[in-house]
Amino acid sequence: MPAPAQTRVIFKHIDEPGYTNDLACYVRHGGYEVLKKSLPRPPADLIEEVKKSGLRGRGGAGFPCGFKWSLVDRKSGKPIYLIVNADESEPGTFKDRYIMHQDPHQLIEGTILSCFANNVKQAYIYIRGEMPEGARILEKAIAEARAANFVGPNILGSGYSCEIFVHRGAGAYICGEETGLIESLEGKRANPRIKPPYFPAVLGLYQCPTIVNNVETLCHVKHICDLGGEAYAKTGTPGNTGTRIFCVSGHVQRPGYYEFPAGTITMGQLLNEICGGPLPGRTFKAVIPGGSSAKVLRFGERYKGKRKVGADMVDYDWGVEDVPMDFDSLAMIGSMGGSGGVIVMDDSVNMVEALANINAFYQHESCGQCTPCREGSLWMKKISSRMVHGQARKEDAALLKSVADQIPGRTICAFGEACSWPTQSFLIKFKDEFETYAEVKKTLPADRLALV
Amino acid sequence: MNLKPETYQRIDEVITHYPVKRSATLPLLHLIQEDAGYISEESLLWIATKLELEPINVLEVVTFYPMFRRAPIGRRHIKVCRTLSCALLGGYKTCETFQAEFKTSLGATSPCGEVTVDFVECLASCGTAPVVLIDEVLHEKVDATKARQISAQIRAEAAAR
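Protein chains in written order, with our numbering: chain A, 356 to 807; chain B, -9 to 151.
No wet-lab data here; the hints were simulated from the structure.
Honestly, I wouldn't trust all of these hints.
Quick list of the computed label-pair ranges, beta carbon to beta carbon [as the list claims (entries may be wrong)]:
1) A:Ile783 - B:Val127: 40 to 46 Å
2) A:Tyr515 - B:Arg138: 51 to 57 Å
3) B:Ala146 - A:Thr592: 52 to 58 Å
Small disclaimer: the values here were computed from a predicted structure and weren't measured.
All C-beta atoms, glycine included, are put in the ideal place defined by N, C-alpha and C.
I would like the entire structure built from these sequences, with the hints used as guidance.
Listed below in structure tokens is the structure:
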């Protein structure tokens, strides 16, 4: 079956010749019209549209956006804050970068609409420290929008006021975790908070109700307010509505970003047809489907079971290439859609060395407040690095697995899962490679590409 | 502290963005580091006084976030992405090339004082790997050849100064 055509909604103007990131260009392309037509509506209507749309968060967890908004404590009398999570840092993910650099007003319009729907008067865009240019572009865009009265006091005469400020992070991955992000925005170390009681919807920024949404999610809100929730939900598949952006990197002919109606494309179509297949003379070996913490898939393995199609239960028997790229299908086969970051590895890659690279990342990024994660990520890194750079032993495979198995479920935030899933899945899917690495290493060329 | 008048202005402005002063810790650290090059003991204490915090509250932030540094570095900061997608396409080779070009080692400043070469974690541009952030500019698809070209460019700019 041929791959479906790309449907560019969020990325409509990305890389379009002549499209610039200033206000005039955005307005020429119909910008802020959705805001104009939405401001006279009751805010509750907009929340209803988002619920009807079935929009799921694009940051990684796929949590229903309308439901998240409905959890916000509106009776406390405290101000409600909205934070744009622009701390894009899950390895393999690079979609929000392009939205912020090339189409910042789309994000600002989506943010103001979301703020209006939720009666938010103050929003912050928490952007990664490593994107200084992105921060400047956003600040300039906000100033332009403010001058045109799309942001600030009494927006377009509606009586509704909202400010947006840009806040820069400083190189810590954990700030992508929403409660860690909130701590960071409060000027502290980004140690995630324990839930309960610190659900952001109730006790978030400055202990006030807070909504944290990903950049892409907020851009979708603009299109939902434009089309209406039901019309929006016609794109994609039930439970996976709208479009999905995939960021493909690693060993394919055409890495990059591709936007499709959610759930309509399979892994095989994405990698072989859209991305042009493996590099010359190579074959695909493994793929991480949703950012580096997602569990790895091994080409050649089969996934079998029953799944729901409409009202019926049907059998499925999939290879990696057959798996539809939606949140539910990827969860069903034991991995996740996550942030849409697809990292492809071909047969030139030694999986021990690839895991050692990933483990070094998670060790560097653990915030250190929970012992299983701080110590576990450190030991996983030490063991896998020693295997590559020092002496490797057959029993290291079981040792690595046992460290990884003791982390998830024992930490305050999901980083415990994120850092152990790579090791767990690599050890299950490529156990032989870990057990024989000591021998295999002797035969590997000394000048091979270093991964760690 | 000997900062530009403009930096002091921006500091006073950014504090107004937050209902709680402490939130301005990261923005102040960024502004001061951009101006002074690093976070000195003096600036740490100055921020604490400015935001009505204990000095430890600022120090713990400086030591937590990888982007803040307590000592000066080279005039240019070369940050090579170390993470998987870049490594799969030669990120380590790119980093070695920069180190060799400037006769320096990882994390150290070159003898000429011009550059500091560092590895950093994912820069969120995996589709154009390997990537390198030099000061505030992202360079894409930087293989060894391109790393040598960029190095030559940096040397030429230094010579012209």
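Going down the list of hints, with the structure as the test:
{"no.": "1", "hint": "A:Ile783 - B:Val127: 40 to 46 Å", "result": "42 Å, holds"}
{"no.": "2", "hint": "A:Tyr515 - B:Arg138: 51 to 57 Å", "result": "55 Å, holds"}
{"no.": "3", "hint": "B:Ala146 - A:Thr592: 52 to 58 Å", "result": "55 Å, holds"}
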